[in-house]
Structures are given as C-alpha cells and as structure tokens.
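All chains should be built: construct the whole structure from the sequences, respecting the hints.
Protein chains in written order, with the working numbering: chain A, 5 to 95; chain B, 8 to 428.
Treat each hint with caution, since some may be false.
Calculated lysine to any residue pairs in the SDA-like style (CA-CA distance at most 25 Å, straight line) [to be verified]:
| id | chain 1 | residue 1 | chain 2 | residue 2 |
| --- | --- | --- | --- | --- |
| 1 | A | Lys10 | B | Arg213 |
| 2 | A | Lys10 | B | Gly197 |
| 3 | A | Lys10 | B | Thr334 |
| 4 | B | Lys301 | A | Tyr64 |
| 5 | B | Lys301 | A | Leu57 |
| 6 | B | Lys301 | A | Val25 |
| 7 | A | Lys10 | B | Val193 |
| 8 | B | Lys301 | A | Ile89 |
| 9 | B | Lys301 | A | Leu51 |
| 10 | B | Lys301 | A | Ala48 |
| 11 | B | Lys301 | A | Ala33 |
| 12 | A | Lys10 | B | Ile195 |
| 13 | B | Lys301 | A | Gly55 |
| 14 | A | Lys10 | B | Arg308 |
| 15 | B | Lys374 | B | Thr405 |
| 16 | A | Lys10 | B | Leu205 |
| 17 | B | Lys301 | A | Leu73 |
| 18 | B | Lys301 | A | Gly21 |
| 19 | B | Lys264 | A | Pro12 |
| 20 | B | Lys264 | A | Phe60 |
| 21 | B | Lys301 | A | Asp75 |
| 22 | A | Lys10 | B | Lys301 |
| 23 | A | Lys10 | A | Gly21 |
| 24 | A | Lys10 | A | Val25 |
| 25 | B | Lys301 | A | Asp53 |
| 26 | B | Lys264 | B | Thr334 |
| 27 | B | Lys301 | A | Glu74 |
| 28 | A | Lys10 | B | Ser41 |
| 29 | A | Lys10 | B | Glu208 |
Computed footprint of chain A on chain B; a stretch qualifies when at least three of its residues, placed anywhere within it, have a C-beta under 8 Å from a C-beta of chain A [stated by the list, open to error]:
| id | stretch |
| --- | --- |
| 30 | 48-60 |
| 31 | 215-228 |
Sample of chain A residues facing chain B (criterion: CB under 10 Å; computed from the structure) [what the hints assert, rightly or not]:
| id | residue |
| --- | --- |
| 32 | Lys10 |
| 33 | Val61 |
| 34 | Asn62 |
| 35 | Arg71 |
| 36 | Ser87 |
These are computed hints drawn from the structure, not numbers from a lab. All C-beta atoms, glycine included, are put in the ideal place defined by N, C-alpha and C.
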Amino acid sequence: MSIALKVPTILRTYTGGAAEVAVSGGTLAEAIADLDAQYPGIGARVLDDEGRLRRFVNVYVNDDDVRFLEDLQTPTPDGANVSIIPAVAGG
Amino acid sequence: MTAQTLSPAEGALLGSAYALACRECGAEYPLDASYACLECFGPLEVAYRPASVTREHIEAGPASMWRYDALLPVEPGASSRPGLQPGFTRLVKADNLARELGARAVWVKDDSGNPTHSFKDRVVAVALENGRRLGFRTIACASTGNLANAVAAAGSRAGLDSVVFVPSNLEAGKIVTTAVYGGTLVAIEGNYDDVNRLCSEIAANREWGFVNVNLRPYYAEGSKTMGFEIAEQLGWRLPDAYVSPVASGSLLTKVDKAFREFIRLGLVEDRAYQVFGAQATGCSPVSQAFAEGKDIIRPVRPDTIAKSLAIGNPADGPYALDAVRRTGGAIADVSDEEIVEGIKLLARTEGIFAETAGGVVVATYRKLLAEGGIDPEAEVVLLNTGDGLKTLDAVAPTSVPTFTISPAYADFESAYSGENA
Numbered sequence: 005m006s007i008a009l010k011v012p013t014i015l016r017t018y019t020g021g022a023a024e025v026a027v028s029g030g031t032l033a034e035a036i037a038d039l040d041a042q043y044p045g046i047g048a049r050v051l052d053d054e055g056r057l058r059r060f061v062n063v064y065v066n067d068d069d070v071r072f073l074e075d076l077q078t079p080t081p082d083g084a085n086v087s088i089i090p091a092v093a094g095g
Numbered sequence: 008m009t010a011q012t013l014s015p016a017e018g019a020l021l022g023s024a025y026a027l028a029c030r031e032c033g034a035e036y037p038l039d040a041s042y043a044c045l046e047c048f049g050p051l052e053v054a055y056r057p058a059s060v061t062r063e064h065i066e067a068g069p070a071s072m073w074r075y076d077a078l079l080p081v082e083p084g085a086s087s088r089p090g091l092q093p094g095f096t097r098l099v100k101a102d103n104l105a106r107e108l109g110a111r112a113v114w115v116k117d118d119s120g121n122p123t124h125s126f127k128d129r130v131v132a133v134a135l136e137n138g139r140r141l142g143f144r145t146i147a148c149a150s151t152g153n154l155a156n157a158v159a160a161a162g163s164r165a166g167l168d169s170v171v172f173v174p175s176n177l178e179a180g181k182i183v184t185t186a187v188y189g190g191t192l193v194a195i196e197g198n199y200d201d202v203n204r205l206c207s208e209i210a211a212n213r214e215w216g217f218v219n220v221n222l223r224p225y226y227a228e229g230s231k232t233m234g235f236e237i238a239e240q241l242g243w244r245l246p247d248a249y250v251s252p253v254a255s256g257s258l259l260t261k262v263d264k265a266f267r268e269f270i271r272l273g274l275v276e277d278r279a280y281q282v283f284g285a286q287a288t289g290c291s292p293v294s295q296a297f298a299e300g301k302d303i304i305r306p307v308r309p310d311t312i313a314k315s316l317a318i319g320n321p322a323d324g325p326y327a328l329d330a331v332r333r334t335g336g337a338i339a340d341v342s343d344e345e346i347v348e349g350i351k352l353l354a355r356t357e358g359i360f361a362e363t364a365g366g367v368v369v370a371t372y373r374k375l376l377a378e379g380g381i382d383p384e385a386e387v388v389l390l391n392t393g394d395g396l397k398t399l400d401a402v403a404p405t406s407v408p409t410f411t412i413s414p415a416y417a418d419f420e421s422a423y424s425g426e427n428a
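Here you go:
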C-alpha cells in the first residue's frame, strides 16, 4: 500500500527537504504513524498531545478535507493522495 | 528559520513590532514572510514592545488609517509611500434605523467609503508595506472578491505585479472590479476554501507576497484600524457593543484587539463591552459552534448569497468564539431572505447601500434584538464592510422602478396618485 503524502514547507526539515514522501497505512492515522516512523518527530507536529489533529492543520485525502470525512479514521486506499496544509485565514 | 525567543530589545523593530509570535504556543520568529508556527502550526501574530501614543499625536496624523501607524507593523512614513491611503471612513449615527428597530443608539461604521469600497483596503495596505519591505515584486491573494479588488488596485498604485485568485462563481461585479486594474486574475473552479488551499501550495513555491497567506500576520493587523477609528470617532470612548460580520473571524477578533490596545494605552476609559458576530445561515460554522458551546469549528460547504462571508473553514473562528464568550456577546446567523431585508432596511432608513455582508450584520442585529440576545438600551456599532454596488444581484430582483409609464403628464399623475392613494 503506497500513499503519496505532500509535506508542507514548514515540515520539510524532517523529510530532508522532500516535498512528497511515500507512506503506507489503511487509514489516515496509520499513514501518519508510518510517516512518524520514517521521519521521527514529525507526527507530533501534526497531532496534539492527545493524538488528535492539531486545530490549525488541514489534512486532505484525495482533495477532501478529512473533517468532512472520518477525520483520522478516513480510509487511505492504495494510491491515495494526502496533503497536510497549515490553516490560513482569508477573506 | 528556527523558533526562538526574541526580546523586544533584540528583535528587529518595525514601528513598535519586534517579532512574530505564535498565538497558540508563544514561540517567536523574526519579522519575515511566514504565517504558521514551526512547533504547532498555530497562526503567527505580530508582537509589539510597549508603545506610547497620545490622542494629540493621532489627531495630528493624516485622515487615513496611517494616523495609527505607531500601533501597526509598518516602518514610519507609510502615508507618504504609494498606496491607496485607506481608512478614516465615516461613522454614521443611525437614528432612523434605531427608531425602526426600537433601539436606543445605533451607529454604522461605513467602510464602503474606502478606495475600493471595502474594509479590505486596510489589511492590504499593511500587507503591501511589508511585501515591499521584504522585497517582493508580486503581491497575490486568495479572495472572495473584496480582497481581490483591494490587492489589484493597491498593486497598480504601488507599481507591483498582482496575481489574484478567486472562485469562478463570484459575483460579476467583483470580477469586473478586479480585472479592471490590469493584474492577473485567476478564476478557480471551486469554492473559496479550495482557492485558499491552492494558494497555500502556490505560496510555498513562489517568491510572491500573498497578503493573506505568507503576509497574513501583518495583513490581519490592518483590521485593528476599524476599531481604533470607532473609538476615536465616538469621542475617544468605546461603545457598549459592536456587531461584526464573520468570515474567517479575523475582523471581529482584531476590532476587539484594537479596543483592548486603546484601553491599555490609556486612550479610552477601561469599560466592559460586548462583541457580537454575524453569519449567513448558509455558511455559519462559527455560529453553529457558538450555539453548541463548542471550541472546535466543524467546516461547512458554503451556500449563501453573502459570498464575501462564504468561508466554510474559518481559521480565526476559534479566536472569534473566544472574544464573543469573554465579553458576554453572541454569534448568530440569518437566512438569505433576511440578508436582503437587512440591506434594504439600512438603505431605506439611512441611505447606506451595504453589500451582502452588511446586510448580514443588520439582519443579525435585528434578530438578536427580537430574541433578547442584545439589549435595546445598548449603544451599538454595526460594521458595514462593503459596498452594495458590488453585490447588485442580491437586491436586483426586488429593487425595481415603482412604476413605468409613457412620457405623458397624465400618465404620471394617474400612476403616482394610484401609488400614493
């Protein structure tokens, strides 16, 4: 199972500058766990102390905001695209 | 760039600003083009050393938002550099509206009087100053329309290229009033949240100053000037309450911040005031969270005529909730029909033609009065953030000639007396 995960600029210090990395896992939670296994420490940047998505992080699976889906339990099938993007206000 | 703690004495100074600080965890960063905390993704906000400003100093300043430059993250002399010089818009005592609604005292802060007819000229002015300082040759934004106008116009005036991204279903008026300034206008087949997300990715890969992405900490500070002006124009005092539209939640939050800064500086008397937020029911994630007593905002897919407020995933929503709850205010929402009635009520009673966001504010105020959510004895300031000429579609179907006749005197007499019988 391979998932293409887009890494935001501010987390690329963990990935050696890579903007996209391959991870595996059947759900978003598993994919983030694998990401952290490959790049130790990065998981804590995305999840808070209680293991929830930080409130200023937006995560998309195949272009859908996971808060419209099943949050960390959102399925990430083989070939899925996951993007992690800091929230930005606008108007 | 790494997280560090910068003391006011060590940090580079920009006016009285010395650092960007994370609103969530407090980590501090230099005053460059960044917006998210490396530690926790929290939004960065400008941190200031204590400033000392007097009423006399402000009153002697220009008749624009730059009269408050000492309280903004800009280098001195902003008013003499090329820009739109926005702000110092009128504060209108709305006695007819108050009478109609059974309220004691109502004011309208009318930001349709800005150069591109919305409060966005204020935020862009501060972002532009910093874009120029940081060496960007291109300014850009993700917009629901008003910001697009402001960025395109300010870019032209400042001699910078502009690239503006909007949802393709925007009101025709807002497309025209952006494209006319000659910058690049990119229409995206998606809603504002899609546009915003794309811009976050583009911002990471281009040397552009995105006013509401990588220049956002500076940009957001511009909204404070609307609050500063309200206090000064009331005669250096705070109202009992204000009602702000809520899209991202930034304006509501920054007007509250402005009031607190004025209190801290001793420019106004310290007193309690209430903060109220207004949303369209078709895009009301902050109002829903308020009603449910939650801190976390669940994003929604917008469906409302108030397109300038159609942000389904409002990044400053949690802070808007904080301000409202801290001050004993409320956030409520109104239907599209009520929004149109709100626009027409303000126009009919005060001669002010607000865009849909202003209609949301008037209608929400009316609803809060009717439901007992706001005291009719309270002196309230309603924030009108934009001009009705940009959202004609909202009122066009019900704003038509009273009668149409041939150019004959008898026809006029007949029709007019019939109408006024």
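Just pull the numbers of the violated hints for me, sorted ascending.
Structure breaks hints 3, 6, 18, 19, 22.
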